[in-house]
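Peer 1: Residue numbering for the sequence shown is 1 to 188, as defined by UniProt numbering.
For the record, the hints were derived by calculation from the structure and aren't laboratory data.
Any given hint could be a false lead.
Now the in silico label distances, taken between C-beta atoms and shown as ranges [unchecked claim]:
hint, residue 1, residue 2, range
1, D173, D81, 38 to 44 Å
2, S93, D173, 29 to 35 Å
3, S131, F15, 25 to 31 Å
4, I49, K117, 33 to 39 Å
5, K185, K128, 25 to 31 Å
6, A123, E187, 21 to 27 Å
Virtual Cβ for every residue (Gly too), placed ideally from N, Cα, C.
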Amino acid sequence: MKKVLFFAYPTYVDFEIAHTLFFLRKLGKALITTATIDGHEVESLGGLITKAHLSLPEVTLADYDLLLISGGDNVGEVMEDHTVQDFLCKANSLQMPIAAMCGSSVFLAQAGLLKGKSFTCNAITFEKFKSHFEGAEYTGNRVEVLDNIITAKGAAFPEFTIAVIDKLGLWKDEDQRNGALLFSKGEA
Numbered sequence: 001m002k003k004v005l006f007f008a009y010p011t012y013v014d015f016e017i018a019h020t021l022f023f024l025r026k027l028g029k030a031l032i033t034t035a036t037i038d039g040h041e042v043e044s045l046g047g048l049i050t051k052a053h054l055s056l057p058e059v060t061l062a063d064y065d066l067l068l069i070s071g072g073d074n075v076g077e078v079m080e081d082h083t084v085q086d087f088l089c090k091a092n093s094l095q096m097p098i099a100a101m102c103g104s105s106v107f108l109a110q111a112g113l114l115k116g117k118s119f120t121c122n123a124i125t126f127e128k129f130k131s132h133f134e135g136a137e138y139t140g141n142r143v144e145v146l147d148n149i150i151t152a153k154g155a156a157f158p159e160f161t162i163a164v165i166d167k168l169g170l171w172k173d174e175d176q177r178n179g180a181l182l183f184s185k186g187e188a
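Take the sequences, apply the hints, and build the full model.
Peer 2: And the structure:
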């Protein structure tokens, strides 16, 4: 069973990771643990109240197989929090897979994890936070996977899901992978 740590923060975008969570649970029987900066509940952009199991400082990163982060409307404020930056640096130092959707790529940039790497996010996010992405190569592709880091545009749910499940090696075969892609695109 895979263990996934989901980092939730105020106004995270709940729908961006729905397919990913579905396949993590369905295929990998993954245990999903939610952490917030301070261990308190947060409200998603869609109005879901999300209860935290842990605060970031309470997390033992070695216990998890993947760190999952959704995009959100509040990334500009959250990225300045040193707890988040330190946490991401520690996860990266352990070579933990970090899957960051849409605006959460700003967190990786602020922590210095994208320097010298290709990444993607929505063009508007890139333009708004361009100075934070200095030293990284913005591709504009729907998804980018480099080493332990996965980044994706906010509407690239299917590709992001496939990349995350690929990274964890959960597909039983190529047919299952292709079926999941079609499902995530609404074509199954």
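Peer 1: Okay, S131 versus F15 on CB: inside 25 to 31 Å?
Peer 2: 29 Å, holds
Peer 1: Could you tell me whether the CB distance from D173 to D81 stays inside 38 to 44 Å?
Peer 2: 42 Å, holds
Peer 1: So does S93 sit 29 to 35 Å from D173, Cβ to Cβ?
Peer 2: 34 Å, holds
Peer 1: Using the beta carbons of A123 and E187, state whether their distance is inside 21 to 27 Å or not.
Peer 2: 25 Å, holds
Peer 1: How does the Cβ-Cβ distance of K185 and K128 compare with 25 to 31 Å: does it lie in that range?
Peer 2: Holds, at about 28 Å.
Peer 1: Between I49 and K117, does the C-beta distance stay in 33 to 39 Å?
Peer 2: About 35 Å separates the Cβ atoms of I49 and K117, which means 33 to 39 Å holds.
Comparing the model with each numbered hint stated earlier shows that all of them hold.
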